[in-house]
Amino acid sequence: DTGVSQDPRHKITKRGQNVTFRCDPISEHNRLYWYRQTLGQGPEFLTYFQNEAQLEKSRLLSDRFSAERPKGSFSTLEIQRTEQGDSAMYLCASSLPHTQLFFGSGTQLSVL
Amino acid sequence: ILNVEQSPQSLHVQEGDSTNFTCSFPSSNFYALHWYRWETAKSPEALFVMTLNGDEKKKGRISATLNTKEGYSYLYIKGSQPEDSATYLCAYDAGGTSYGKLTFGQGTILTVHP
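Here the protein sequences line up with chains A and B, keeping their order. Counting from 1, one number per residue, gives the positions in the first sequence under the numbering used here. Counting from 1, one number per residue, gives the positions in the second sequence under the numbering used here.
One chain only, chain B, in its complex shape (with noise of 0.2 Å):
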């Protein structure tokens, strides 16, 4: 059984404050990791997908970075606005034929207060 896990399960922040949360994973037969925004009724939306050990990847004022040696990555957001608020997803790819079969973190809700 593979265990992706992250932390904080929930995260209450101030407009203005950065952040970051961890997501782990198994470092063996591993292909990419993946972050997903997910605001509620909407499509789980793709932030990056990340390979490379030490990579890291940024989009606007969202950055990732992965250390695929010792299973984990981080995800950070710098000064965080309400629409950042959202459930925040990693998940691990074996890749090969399996390619796509993800395995899911819990999951970290962020809620950025005005």
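Isolated chain A, as found in the complex (with noise of 0.2 Å):
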């Protein structure tokens, strides 16, 4: 297993479209979770999966974010409709149960 992998590691796209990432976790992990980072800040917790199931959303998840994990293995987080403060760095980290996080290399978001 070479960690968590995320893709594409960047993206570029205009306000207004829609935009997918795709995060594989660690085979074994059942905790996945997203976070994301914006320049001079560390990064902010977005929501996590306990297999299937997502647990917790944050308020920073509006209406336009959607996350799903459809068999408890990989993940994607969709933007619908972007707008120019969605550009930031979007991480993915996984774990088992009360363990350290291992995070990919993250999904850098700019939206002209």
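Each statement offered as a hint is correct.
So, partial list: chain B residues that the calculated Cβ filter (under 7 Å) puts toward chain A:
| no. | residue |
| --- | --- |
| 1 | Gly-100 |
| 2 | Lys-101 |
| 3 | Gln-106 |
As a list, the in silico SDA-like pairs of lysine to any residue whose alpha-carbon atoms are at most 20 Å apart:
| no. | chain 1 | residue 1 | chain 2 | residue 2 |
| --- | --- | --- | --- | --- |
| 4 | B | Lys-42 | A | Asp-24 |
| 5 | A | Lys-11 | A | Glu-83 |
| 6 | B | Lys-59 | A | Phe-102 |
Rather than coming from a laboratory, the hints here were simulated on the basis of the structure. Since the structure is predicted, the reported quantities are computational estimates derived from the model, not experimental observations. For every residue, glycine included, the Cβ atom is placed at its ideal position computed from N, Cα and C.
Assembly of the complex is requested from the two constituent chains, each provided in isolation within its own frame, with the hints serving as guidance.
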């Protein structure tokens, strides 16, 4: 296992377009998290899954954001009608219960 | 709103210097304090997960201490090397069913000059 992988690494889109990111966690990890980081700030929690169940969503996650983890393996994060304020690094992480989080390298989104 | 503060925001040191950073966090509902190192274009790498008051952990030249009663943690790097240059992040974890829902500080950017 090569760790948590995210695709794509970079995404440039025009305002108003929809984008989708994918995260493949470490295979035996049942927890999967999404975070967002903007310049000069630490990562901010967006949502997390235990297996296929989405257990919590941050207030930061507007109705334009949706995340899924259909079979408890990979996850997707979709942003509809992107805005310039959505430009950020989107990080995915996975873990076993009550152990450290392993992060992917992130998807850098730029909304023009 | 949980407040996790790190200081300094950035630090420039010479190779061989020892350095330390501070992380302050809420002392209530504490479960764990995580330290990460994040190099540009790479994944954040977990350094330590600390849970016990008074705990001290060490990994090579890097060590960390934890005071949960007053809500602070120190990260120390002994004999800094250029490859230590990175952003160092701490994150507070209230645990329970929300384990892994971390509140991060803004990070300390360390630059080690040869």
